[in-house]
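2 protein chains.
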Amino acid sequence: MKTYLGCIPCFFKQTIEAGKMMGLPDDKVKRMLDKVALQIPEIELASSPPAMGRIIHRIIREQINNPDPYLELKQKSNEIALAIFPDLKKMVENSEDRLLKAVEIAIAGNIIDYGAVVDLDINKEINSIVNSEEDKIRNESTRHFAFLEFKNSLAKANTLLYLADNAGEIVFDRVLIEEIKNLYPDLQIYCAVRGNPVLNDCLIADAVSVGIDKITTVISNGTDAPGTILDSCSKEFLDIWNASDLIISKGQGNYESLSNQQGNIFFMFIAKCEVLAGDIGCCLRDVILCRNR
Amino acid sequence: MKTYLGCIPCFFKQTIEAGKMMGLPDDKVKRMLDKVALQIPEIELASSPPAMGRIIHRIIREQINNPDPYLELKQKSNEIALAIFPDLKKMVENSEDRLLKAVEIAIAGNIIDYGAVVDLDINKEINSIVNSEEDKIRNESTRHFAFLEFKNSLAKANTLLYLADNAGEIVFDRVLIEEIKNLYPDLQIYCAVRGNPVLNDCLIADAVSVGIDKITTVISNGTDAPGTILDSCSKEFLDIWNASDLIISKGQGNYESLSNQQGNIFFMFIAKCEVLAGDIGCCLRDVILCRNR
Numbered sequence: 001m002k003t004y005l006g007c008i009p010c011f012f013k014q015t016i017e018a019g020k021m022m023g024l025p026d027d028k029v030k031r032m033l034d035k036v037a038l039q040i041p042e043i044e045l046a047s048s049p050p051a052m053g054r055i056i057h058r059i060i061r062e063q064i065n066n067p068d069p070y071l072e073l074k075q076k077s078n079e080i081a082l083a084i085f086p087d088l089k090k091m092v093e094n095s096e097d098r099l100l101k102a103v104e105i106a107i108a109g110n111i112i113d114y115g116a117v118v119d120l121d122i123n124k125e126i127n128s129i130v131n132s133e134e135d136k137i138r139n140e141s142t143r144h145f146a147f148l149e150f151k152n153s154l155a156k157a158n159t160l161l162y163l164a165d166n167a168g169e170i171v172f173d174r175v176l177i178e179e180i181k182n183l184y185p186d187l188q189i190y191c192a193v194r195g196n197p198v199l200n201d202c203l204i205a206d207a208v209s210v211g212i213d214k215i216t217t218v219i220s221n222g223t224d225a226p227g228t229i230l231d232s233c234s235k236e237f238l239d240i241w242n243a244s245d246l247i248i249s250k251g252q253g254n255y256e257s258l259s260n261q262q263g264n265i266f267f268m269f270i271a272k273c274e275v276l277a278g279d280i281g282c283c284l285r286d287v288i289l290c291r292n293r
Numbered sequence: 001m002k003t004y005l006g007c008i009p010c011f012f013k014q015t016i017e018a019g020k021m022m023g024l025p026d027d028k029v030k031r032m033l034d035k036v037a038l039q040i041p042e043i044e045l046a047s048s049p050p051a052m053g054r055i056i057h058r059i060i061r062e063q064i065n066n067p068d069p070y071l072e073l074k075q076k077s078n079e080i081a082l083a084i085f086p087d088l089k090k091m092v093e094n095s096e097d098r099l100l101k102a103v104e105i106a107i108a109g110n111i112i113d114y115g116a117v118v119d120l121d122i123n124k125e126i127n128s129i130v131n132s133e134e135d136k137i138r139n140e141s142t143r144h145f146a147f148l149e150f151k152n153s154l155a156k157a158n159t160l161l162y163l164a165d166n167a168g169e170i171v172f173d174r175v176l177i178e179e180i181k182n183l184y185p186d187l188q189i190y191c192a193v194r195g196n197p198v199l200n201d202c203l204i205a206d207a208v209s210v211g212i213d214k215i216t217t218v219i220s221n222g223t224d225a226p227g228t229i230l231d232s233c234s235k236e237f238l239d240i241w242n243a244s245d246l247i248i249s250k251g252q253g254n255y256e257s258l259s260n261q262q263g264n265i266f267f268m269f270i271a272k273c274e275v276l277a278g279d280i281g282c283c284l285r286d287v288i289l290c291r292n293r
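So the sequences go chain by chain: A and B. Take the first sequence: its position 203, counted from the start at 1, is 203 in the working numbering, and no numbers get skipped. Take the second sequence: its position 255, counted from the start at 1, is 255 in the working numbering, and no numbers get skipped.
These are computed hints drawn from the structure, not numbers from a lab. You can trust all of the hints, since none of them are fake.
In this list, chains with the same sequence are indistinguishable; a pair is considered to hold if it fits within one copy or across any two.
Straight-line distance between alpha carbons at most 27 Å, and here's what the computed DSSO-like set of lysine-lysine pairs gives:
id	residue 1	residue 2
1	Lys272	Lys13
2	Lys89	Lys272
3	Lys181	Lys90
4	Lys2	Lys28
5	Lys13	Lys35
6	Lys89	Lys156
7	Lys13	Lys28
8	Lys90	Lys151
9	Lys13	Lys2
10	Lys2	Lys35
11	Lys272	Lys20
Please put together the full structure from these sequences, using the hints given.
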């Protein structure tokens, strides 16, 4: 996805939100905004929004002199999500279509956003998303929920690369990954996380702390973009990218950076902003399972 | 009012909206955004938002090489508003409290915004605002509607300076000014407009085209800010400002630039943005008649 004009005010909004979340005074946030502003002429609309997101979060980390300001929030998100992991597993076990339910849960996990996790009633959110999703699948508006296509693709795959998104959310990913392993024990599965801290995105430590390393090979993508910008990923990651015949890409940042890439990619996320909803042609907060272009 | 952090994303939003209203292609709007971005480090949060508004609209006018891009829209707004002027007068004549109704109408005129006027059902808007305002006055939430204070101040005034805001809206101002003249025929009234084009704000031509010059002395404030930044106003304007014992300040831009100034100022406007609503402690779209601090 390209950077839309509407992304530009949002880059500043995100910087303010990050500054507020860190409890910074206005003058310090203003200095961050000044630095972000000076980068605006450097962005081309043809690049994807996570390219600027990467710059913004580098500026934030530098300004507050903290290499991982979201560390505590990430740990807390993982803990909260792990506490409901047994409930999530039960939801799958009690469902008529286990794979469908696991996919719904993995997407529902994408509701966990850096500002929202502490107060979030995750059970309520999941039920609301999963229920609305069931309605969607039963009704005609399945345009952005390509579940059957995904199921067929999964049945044929030999190597799956699963691109994780946020801390906390990765516990929900574990539910889907375990279900996939259950269905296809011989499938080779890699789970990729960010190479360096950015926002509340998963690092290897998060994947390990929620046990993803026990069920997949966890790899780093080698970069600090809040998405997967292939040009800046490590050779190790790109080798696995090229060797995978199915890619599951979680979250908005991965969609934004990969929607125009080639490959057998299925995106799973909740549409959290108007610009992205416009790009897809969906509504805000829609539950999305779609392919690349 | 100071510039809040939340104003900064909005400066970019306003630039995009202006560019879209002018039908410019994305790359041209991006170049405007780049120039606006480079000015961000120059703004101090202590200055009022119209200081940046002035810079933004200078950039827009320069980039499209048009000294008054809103000219046609302003003329159209005046025409539409003039067409309903007799109805507005009738509303005053049929009301129990003529001054109150005229104030309500003048504030209702502030709903006319540059993007909105063409499709706006002005009669419906006025009725909805006037009615909700009547409810407000009757109920307890009169906190931001200091009508009695205004009425008392008006009764004592010798010289009134009326700061106009948008084209179109100025027809609604004429209703209030005529009612004030009717009540106080000896009151000296000045109506001030912007000195140079900015947004859809009134110039002398607009005041003349709706007949304000027949009932008041129309003056220019000498600047192109979308508000009244006293430091940049002309000596002629400041002499009248200092000589006036009552100032009616219409619209959000005038509030933003004058809310912390001294003087006997009454602000009349509709709260059109969250940041300003937060500054006042009111809700979005609240009808405001308040004093300076």
